[in-house]
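K.L.:
Use the sequences and the hints to build the structure in full.
Just so you know, the protein sequences line up as chains R and A, in that order. At position 145 of the first sequence (counting the first as 1) the number is 145 in the numbering used here, and the numbers step up by one without a gap. At position 47 of the second sequence (counting the first as 1) the number is 47 in the numbering used here, and the numbers step up by one without a gap.
Accuracy of the hints is not assured; some may be wrong.
[Said to hold, decoys possible] To be clear about the criterion: a stretch of chain A counts as covered by chain R if any three or more of its residues have a C-beta under 8 Å from a C-beta of chain R, and this derived list gives those stretches:
1) 49 to 55
2) 79 to 89
3) 153 to 160
4) 178 to 186
5) 191 to 200
The set of hints was computed from the structure by calculation and includes no laboratory data. Beta carbons are placed, not taken as given, at the ideal position from N, Cα and C, and that holds for glycine.
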Amino acid sequence: MTTEPTAVIHDIGYRHYDGPRLGRGNATMALAVQSLRGTFGLGRAIRAKIMPLLLIAIMFMPVVVSIGVMAVAKERILPYPQYMVFMQAVIAVFLAAQSPYLVAPDLRFRVLPLYLSRPLTVTDYVVAKLSALTVALFLLTAVPLTVMFIGELLVDLPGGARTGDYLASIGGSVVSAVLLASIGVVLASLTPRRGLGVASVIAFYMFTAAVSGMFNGILSSTGHDSLAPWALLLNPFFLTDAVQSGLFGTDPSVGDGYPAGLWTCLILLAEVAVAVSGILLRYRKAAA
Amino acid sequence: MNGVVAEITYRAMLGRKRIWLLVLLPLALVVIAALIGMIGGADERTAVLLMKTFAIGTMLPLLGLIAGTGVIAPEIEDGTIIHLLAKPISRPVIVLTKFVVAASLIAVFAGVSTYAAAYLLARGDSGVANGFALGAVVGAIAYAAVFLLLGVVTRHAVTVGVIYALVWEGVVGGYVPGARKFSIQQWAQTVADHVSSSAFFKADVSLGFALPAMLIVTVGALVWAGQRLRSLSLTGDD
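P.N.:
Written as structure tokens, this is what we have:
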């Protein structure tokens, strides 16, 4: 007597993928592009779009005012190299709001092993996230600057456009994007909670901004004039402004001048290096 | 007030990474005061500057943000709040308990460090230390209520709170004098000014406006948060 089979394996048509395998490079690129879109709320719920759009709108306000004044009063009011220092609070809020979005959910839901079961390595993951945030920050400042420059070209004031200043400010926004992105990701990756990540990034910014301004004032009022400019460099925005003025010869946006350009560049590189190695260390542990 | 809820909330606040931010910022304030003393800048004017820009202007809103949203927002975010909401405890009581926890934490951390830093710089001069410590405690209560409300109302409580503290109180308040009337840190400064007799310090908002405003904001935020928690929906976004 034969027994009825109790379990049957049905062929439901699973197939191997035999198309081209695109490899690590493409995987990294895909992750970077998806992360970049996410920082501006693209491909996410409508509530996630409100914040980036609002911040972009605020970033454009001084641009609109500046073009308007150039057209009506024939005056240049906002120098390009000072735009970033002027808008630092808004850029800091964008950084604080978006960098935890990039890293916190993956840590919180423990999906890193899923990424790493593909050809992607830990380093690729970090590179993708960092470059997404860098590009996002660059776009956040460079697009308004470019619009302002186009506006200036169209208004065509006597004396010609400030092309040199514009190019310097674009250079400055690349530098600041790299610095801010690495700081944002390293702070945000310390905690799997998004809210706490936002709080730590913004705490870092508010803390350094307050301390740098205060020590600059106190040092110069107590006669330590040579030390005072160094205190400014604590604020990442003044640090990039210092590097910008060191590299491209623009006027400092604050104070009477920064320490020599070589030192500010070295400090900036050191900060980026520390932040990036912090991220790599963190992910070596998180991936395990 | 519910003792058990309070105990659990205290444990959640003090037992996680959140504690680091709560400790580091006040510690930094005291260290900065000591540093300023070392470079020879310790006087009443510097003390007032440090208190205004750092203690009340930076540390207090940040502590408010971390503790005020921290007592309730993470629970809502990961859904564990339903265990609490399913208990026969009235929702306004839950809100009140969480508020007391947040306010007491901010008040202790901000108040003690503010007093210590001001005392390092100005000793007992003109009541600067007393004034700013009291201002920090009063500000802590208002910040705790407002940020607790934000934590109940929106999933992006911290970001919205940051925009309020940084953009409204910091940037807009810096340029537009009228905006200072509606800023918790200005109200805290008013209280500090009322106690201290320092010649270097003049608050922008009158005590007659600041105290009622603070009371209305605190009570209003708590009532609203209590109502809101009665019909909380736990749907997620991104």
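K.L.:
Each of the hints needs a verdict: does it hold here or not?
P.N.:
Taking the hints in turn, this is what the structure says about them:
Coverage of the region 49 to 55 of chain A by chain R holds. Counting CB-CB distances below 8 Å, 4 residues qualify, and the rule asks for three or more. Residues of the region 79 to 89 of chain A with a Cβ under 8 Å from some Cβ of chain R number 0, which does not satisfy the need for three, so the listed coverage is violated. Only when three residues or more bring their CB closer than 8 Å to a CB of chain R does the claim for the region 153 to 160 of chain A stand; here the count is 5, and the claim holds. For the region 178 to 186 of chain A, the proposed coverage by chain R is not satisfied: 0 residues have a C-beta within less than 8 Å of a C-beta in that chain, short of the threshold of three.
Beta-carbon proximity to chain R at under 8 Å applies to 0 residues in the region 191 to 200 of chain A; the threshold of 3 is not reached and the given coverage is violated.
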